[in-house]
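Participant: From just these sequences and the hints, can you work out the full model?
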Amino acid sequence: MSRPTILGYVRPDGRVGIRNHLLVMSTVICSSFVTRRIADQVKGAVAIENPFGCGQLEPDLEVTKRTLINTAKNPNVGGVLVVGLGCEQIQADDLAKEIERTGKPVERVVVQEEDGGTPAAIEKGVRLLRRMAEEVLTQRPEEVDISNLTMGVECGGSDATSGLASNPVVGYASDKLIDLGGTVILSEAPEMIGAEEILANRAVSREVGDKIIRMVRKWVDLAASYNVDLVGTQPAPGNIAGGISTIEEKSLGAIIKGGSRPVQGVVDYAEVVKGKGLWLMDTPGYDVMSVVGMVAGGATLVVFTTGRGTPTGNPIAPVIKVTANPYTAKKMRENMDFDASTVTLGQEAIEQAGERLFKLIIDVARGKPTRAELLGFNEFVIHKIIPSF
Amino acid sequence: MSLETIVERQALVLNSSDNVAIALRDLKAGEEVVVRIGDSGLRVKFLNDIPFGHKFAIKDIPKCDYVIKYGHVIGRAKRDIKVGEHVHVHNVESLTVVHSVCRG
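Note that the protein sequences, when read in sequence, are chains V and A. Quick note, the first sequence lines up with residues 1 to 389 if you use the numbering used here. Quick note, the second sequence lines up with residues 1 to 104 if you use the numbering used here.
Any given hint could turn out to be false.
[What the hints assert, rightly or not] Chain A is nowhere near these chain V residues, computed Cβ spacing over 12 Å in every case:
(1) Arg-3
(2) Arg-11
(3) Asp-40
(4) Pro-51
(5) Pro-119
(6) Met-215
(7) Val-272
[To be verified] Derived list of chain V stretches under chain A, where covered just means 3 residues or more per stretch with a C-beta under 8 Å from a C-beta of chain A:
(8) 156 to 164
(9) 191 to 200
(10) 217 to 228
(11) 240 to 247
(12) 339 to 352
[Said to hold, decoys possible] Computed cross-link-like contacts, BS3-like style, restricted to lysine-lysine with a CA-CA straight-line distance of at most 27 Å:
(13) Lys-218/V / Lys-78/A
(14) Lys-97/V / Lys-274/V
(15) Lys-73/V / Lys-43/V
(16) Lys-331/V / Lys-28/A
(17) Lys-28/A / Lys-330/V
Read the hints as simulated data drawn from the structure, not as lab findings. Glycine is no exception: its CB is placed at the ideal position from the N, C-alpha and C atoms.
Facilitator: Encoded structure:
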């Protein structure tokens, strides 16, 4: 059988995207309104409104910066307009220079530099972005090998069917993509608590295994340092109503979506993965924050399982929604891309459903829009490690 | 909406070393079902209502013994749990808990 191909946008730096977005990004909350106004006026443009960018201590600032830069560098983005205020910590020039290293077109607008304030900045931004659109939106995708695909796997609004059926189905697809030479990112370190030994035993080296244990331990210690139990947060009230009793139970069900292949390494939040195969990313279990981290880390597509039913998407990556809860498959059908409740009900084997899902993944990587894309879901929230000052 | 119309299986044991099973429909107190564990069957009478997706014990689990699902530890029993009893946050604690019933 011939290898599957996807429709890829090959960027100047060699990375391959499956979407071709024009990205308008604010350096700070103060330029977010201007950012949105600019994006609204140009077809094909998406806005990312950064809620931080000022009042941050260095290690926290570094996380925000890395997330913004690596999101803009994601190959699903064809061109970038950076919108700054002028007096903030994250300077538009610094972001633009770093993003330019990809060879993609990058422009900048700084509100305080414009004569007239925000209306002038919006006008200039729209003008720059329209010109960029002419260049970027004429690019056509080409047939490229499936190994160019980087898939983030996520679960949110989990219930007992997540660990039972939808995550094993996604795990099957993860293994298949890795066996074809692709890349998979598994995140949510707090949702590895109780399952860290399983992942560490699959690490390619002792060093990577130790790193996994340390990463997970850090989250246990962090919760304990506040003298609070995880239950109620991890698992969340919806998880508990769905039958999940402890974080260990949630974790054992969650890690299955990453499949069963060796763990190549661990990267920090929003850090770009350093090779093919299965990678772990140290993100919170807060699902949207985790998706944003994985997309910054290079995921061009996300497969997202949900038992309870969550509609979230991402500004630049298609998010495929999978549910194995028969109630959710019916009730939230307009938000779901894939029904795996057949596995829960014993009507279909995990392997069969996994093959079906893999076909859908290829379709989406060839341009088929997901429900989250069609409905316009584009949530964006960045992990924070220190309070703002 | 009733699941009974579409569900064929009633409960599922994921690993032969597990001491809990998962309800695949809303099961009622007093009801009896046969749960398949490997090649054998175990008749379980429910001591409580077990909602869809929730767990019930298929072995007696003494206080502070491990609760096993997926063949792995998912927590400890906060009190003695009988076969057929609902197993959830009221009688199971994570090993990560700050204030443990078992560790004191």
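Participant: Indicate, hint by hint, whether the structure satisfies it.
Facilitator: Here is how each hint holds up against the structure:
With a least beta-carbon separation of about 33 Å from chain A, Arg-3/V lies farther than 12 Å from that chain, consistent with its non-interface assignment. Distance check for Arg-11/V against chain A: the nearest CB is about 41 Å away, which clears 12 Å, and the non-interface claim stands. Even its closest Cβ contact with chain A, about 40 Å, leaves Asp-40/V beyond 12 Å, as expected for a residue assigned away from the interface. Distance to chain A confirms Pro-51/V as a non-interface residue, since its nearest Cβ pair spans about 30 Å, more than 12 Å.
Non-interface status of Pro-119/V relative to chain A is upheld: no Cβ of that chain comes within 12 Å, the nearest being about 53 Å off. Listed as a non-interface residue, Met-215/V keeps its Cβ farther than 12 Å from every Cβ of chain A; the least gap is roughly 15 Å. For Val-272/V, the non-interface assignment is confirmed: its Cβ lies about 31 Å from the closest Cβ of chain A, beyond the 12 Å cut-off. By the rule of at least three residues with a Cβ nearer than 8 Å to a Cβ of chain A, the coverage given for the segment 156 to 164 of chain V holds, with 5 such residues.
Coverage of the segment 191 to 200 of chain V by chain A holds in this model, with 4 residues showing a Cβ closer than 8 Å to a Cβ of that chain against a need of three. Check result for the segment 217 to 228 of chain V against chain A: holds, 5 residues qualifying (beta carbon to beta carbon below 8 Å, three or more required). Given a C-beta distance limit of less than 8 Å, the hint that chain A covers the segment 240 to 247 of chain V holds, as 6 residues qualify and 3 suffice. With 4 residues bearing a CB less than 8 Å from a CB of chain A, the segment 339 to 352 of chain V meets the requirement of three and the coverage assertion stands.
Taking the CA atoms of Lys-218/V and Lys-78/A, the gap is about 26 Å. The hint holds against a cut of 27 Å. Taking the CA atoms of Lys-97/V and Lys-274/V, the gap is near 22 Å; set against the 27 Å cutoff, the hint holds. The hinted pair formed by Lys-73/V and Lys-43/V meets the criterion: a straight-line CA distance of about 20 Å does not exceed 27 Å. Annotation: proposed proximity of Lys-331/V to Lys-28/A holds, straight-line Cα distance about 24 Å (limit 27 Å).
At most 27 Å may separate the alpha-carbon atoms for a hinted pair to count; Lys-28/A and Lys-330/V meet this at roughly 24 Å.
No hint from the list above goes unmet by this structure.
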